[in-house]
Amino acid sequence: MLAASLTPVPGNLFGNGLAVAIVATLHVQIATFMTGGSTLAVISEGIAMARNDPRHSQLSHDLIKGIAYLFSFGSAVAIFWVLWILMALWGRFFVDLTRITLYMFVFEAAAFVVEIIVLYTIYANWDRLGTYRRARLGLLVLLAVVLWFQMFLINVVASYMLSPNGGDVNQLSQVLNPTFLPLQLHRTVGNIAWAGAVLAFYAGLRYLLATRRARREVAVGTAPAHSVGAMSAARFANSSAPPARRDSRLPYWDWLGQWGVLWAVGLSLFQIWIGYSYAKEVQLHTFPAWFRMMRGTLSNVFLVQIFLLGMIFILGTLYFWRRMRASGARGTRTQIVCLVIIVLATLLAIQPAWFALSLPDVQAAHLDRPWWDGGLLNPIGDFIPNKVFALVLIMLCGLVAITSYLRAYSRGEVRMGETTRRLQGVLLALGVTVSLMMATMGVIRENSRQPFLIHGELRLQHQQIVTTPPQAPANSVNPGS
Amino acid sequence: MLRFAARPLARRFRSGYRWVDERAGTTDLVHKGLYEAVPDRGAWAYTLGSATLILIVLQFFTGIFLLLTYVPSFSSAWDSLRFLQTSDRFGNWVRGMHLWSAYVLILVIGLHMLRTFLSASYKRPRELNWVSGGMLFFLVLGLAITGAMLPMDNAGYWTTVVVTNIPHYLPFIGDPIRTLWRGGDFVGPITLTRTFAIHIWVLPFLLLALIGAHLYLLRRHGEFGAWVNYSTTTDDPDREIAERIRRAEPPYPTLRIERQYAAPRKTVDFFPNQLFKDTVVSIVLVAIIFVFGFIAGAPLDARADPATLTYVPTPEWFYLPLDQLLVLTPQTYLIAFGVFLLIGLGSLALILLPFYDRSPARRPLSRPEVLVPGLFLAFMVVILAVLGVNRLYGL
Amino acid sequence: MAGAEVLQLTRRQMVQLTGLGAAAIGLMLSIPAIGFLLSPLVQKTRETWVRVGAVPDLTVDQPKPVTVKVPSGEAYDTTPVDRIAYLVRKSDGATLVLTNTCSHMQCDVHFDPTLQQFLCPCHGGLYDVHGNNIGGPPPSPLPQWVHRFEQDSQTGQTILFIKNAYDESI
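Note that the protein sequences, when read in sequence, are chains A, B and C.
In this text, residue positions in the first sequence follow this note's numbering: the first is 1, and each later residue adds one.
In this text, residue positions in the second sequence follow this note's numbering: the first is 1, and each later residue adds one.
In this text, residue positions in the third sequence follow this note's numbering: the first is 1, and each later residue adds one.
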């Protein structure tokens, strides 16, 4: 008699879920930076070739080096995740998922191989390809295309889990599930914005480290106080004491910080409409998930998210304002006005719409009246129309702030190298904010789909249920009996 | 044999031509039209304007043929178009050409606007050119939407319902406008008659008037040279500038950086060089319309059904971004804000662009105050269009 | 012999006279034209009552679509046009006679059984079973047809009459 029973899966749902969450978050942060960073590398290399700008060629090289290092670590994490965590702890689910979206995973694996070849070829031969810049640019474009293709495939799988349309026999309809395109747009814009935020963080960090020695010299007294912050030579023209020895790369870090902020803030402008559209599609096609996100317990997490989104624009506008001020540029008043409006709009946007854990709680307690009528509702925090109004206001002010900054920059009023140490804190905060947003988004995404792994088709409990195979009939010839 | 007969024929043709020329002045007209200096750089990009004109002429032409069959009556409109489609193979072809020419026209007009935007061709003294061009753009969009309302199939009927409902959100004058257009509270026969009148006369009349103004202004200012270069030294500035334009040599540009745009290194005559490129582009576009009109034709949905429970009203592709914006604009008075303030002010900003950007800078990267909002708008339109396609075509 | 010389008019006066003349012509042309154009604003739509028929059996909170023939009442149009009325019985016994016209852009709304809500396909507007707007862009609830119920004395059935007008302006 075949009476083999399956070994129970180790751990429990919560622990296994936590393991996936930790590894997935790490993977997501690295993979999204790689995708966005490769795009920025293509852009920088293109600009470097067209204008012979040494900063852009330096940046594209640095980006490739960074991507190569991160890829080496990140691919190990990803493989660990797939082989160990998903297969060992979530094997039943993973097998079923792969069975449905088989071709996506097959192409993903193939793209992985191509990615390894292209990335390490570029990394190892960067200088050798210096004479064949067009070929190098072509390879960079190929790398970016492969990375975007990988993201495309994984978006099919992720969006299918949220809004399956019964496409387990038809690959094209799998791809064309209702939440795929919004997710694709959302991640495309977000990846490049995240890469910009990482560049800003990195530039801020390097600037701080590079001015550490100068700061020490100021503290000790061997250099005048003003020689740490703004390093432009004009300021020391009349100074008797020699300025602290400065890193000649400081203007580069200054420029890189600004470049990163422009991408991070500029592309986040689009996320507002894209995010709203995405939520609308979820509302129309996976209503329970939408309800949990917007009216249920996850709505509190979304308040954190909207706060972080507002912070991106606050930090961006703050950076533009102080940076323009440090160089004495005109137009700082526009920045201050934008900053004030964005802060006020963010304060409006983070208002909770009810003072309880979720809306059903409020309704069950029959307290669905405004708080000034003795209830638990807060109409000021209504998404429609107040929060939408606040978000649109933030978007428009962000646009004005960026335009004003670029106007000053194109007039040459913002000179590289005149940034201050304090301003780097803004850059660091921006990087941390975007990183936190991505992690929070992961929490929201995974929990909104509960109790399903594939909405409407595969439940969480499916993973843990152990079954014995059916027993063979008694009168059959069975070698084991 | 033919050569023998040709000589007297040619002589007769020449004398015939001279007869017309003496009375109508054709040679002068032709010279004025054809012999104008045009910069050699970007010549292919400059063909978009004439392509737009050719497509508009094509619309008039195919429209006249549709007029010969179409009946603007609530009960007969669909039947007349069904007859047009099924009676012979050419009926649907003409209607198809009218539709595809409209699609290509909107695409080309968008590209033309993009080109003039990037080359800063709206700077002084050409502001009125841009203003008239912007109004032409909205007229063409109006023609497209009123045309879509005419067939009175499901698509036409529901487009009529939605489009005539849009003015309703204007405060005070909105409801009267809706009642006027519909001829009452509901869509009925008067609505179709009025829409028809708007489509074949009111808008085309305004279109022709503005095109005339647009072309006159274009020829008046020529194809290159802007305010920054118009500083003169003599006391007869018009003559001096005309001379400079004719010879296109220094001191025409004042700043070295502007030289690249102001005085082109090489000018060619409109005829034959630019005209050749214009002709090629026009032929290609008309050929595309010719082919697509035949193979794809113009769709005709089922007869208008006001009691449908399943039909999904879908706007034309060029209205998808606006439609997606309508999805995302929440209820209450903010529809007025979202639609009218944003779109209304946006359209006004588009038309009045030359008065916002008055700096002499012409390179795109030196004009971040228009480039950044312009890029934002362009990306926003693309993103909204993609989201609209996803939602409505059930991807 | 020009009339202007006889009347001893200066050029300025001539221009003013021409302006006045043009204004007079313009006025005479515009009054009938504009008056005609604006006439629908003062005309009343011909509202008529239509007998729909006996109210069918209804489950509480389950909308049931019924086709009604309603004349548009516009101008010279007398042909009745097919329209939809959704009949919904509420738990307190009242019956709603909802149109299927969305209050956002007047697209055709239908009841979606999986969502148990009215859904407008145009922009994703959502209404609950009683027609209250609960999601998406619609600014107000689904309008009802102006209606009345009559008891048929012979058969004892409730007959529904509707008028070709919405009970609230959308």
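No lab work stands behind these hints: they were computed from the structure.
Beta carbons: idealized from backbone N, C-alpha and C, even for Gly.
Incorrect hints may appear among the rest.
Label pairs and their in silico Cβ distance ranges [unchecked claim]:
id: 1; chain 1: B; residue 1: G346; chain 2: A; residue 2: F355; range: 32 to 40 Å
id: 2; chain 1: C; residue 1: A94; chain 2: A; residue 2: H366; range: 22 to 30 Å
id: 3; chain 1: B; residue 1: I295; chain 2: A; residue 2: S173; range: 24 to 32 Å
id: 4; chain 1: B; residue 1: I173; chain 2: A; residue 2: W371; range: 35 to 43 Å
id: 5; chain 1: C; residue 1: P80; chain 2: A; residue 2: F355; range: 52 to 60 Å
id: 6; chain 1: C; residue 1: L20; chain 2: B; residue 2: P176; range: 45 to 53 Å
id: 7; chain 1: C; residue 1: I134; chain 2: A; residue 2: V114; range: 45 to 53 Å
Verification of the hints:
At roughly 38 Å, the beta carbons of G346 of chain B and F355 of chain A sit within the given window of 32 to 40 Å. Between A94 of chain C and H366 of chain A the beta carbon distance is about 23 Å. The supplied range of 22 to 30 Å therefore holds. The hinted window of 24 to 32 Å between I295 of chain B and S173 of chain A holds, with their beta carbons roughly 26 Å apart. Against the hinted window of 35 to 43 Å, the Cβ-Cβ separation of I173 of chain B and W371 of chain A comes to about 39 Å, which satisfies the hint.
In this structure the hint that P80 of chain C and F355 of chain A lie 52 to 60 Å apart at CB holds, the actual value being about 54 Å. The supplied range of 45 to 53 Å is broken by L20 of chain C and P176 of chain B, whose beta-carbon atoms lie about 31 Å from each other. For the pair I134 of chain C and V114 of chain A, the beta carbons lie near 49 Å from each other, so the given range of 45 to 53 Å is met.
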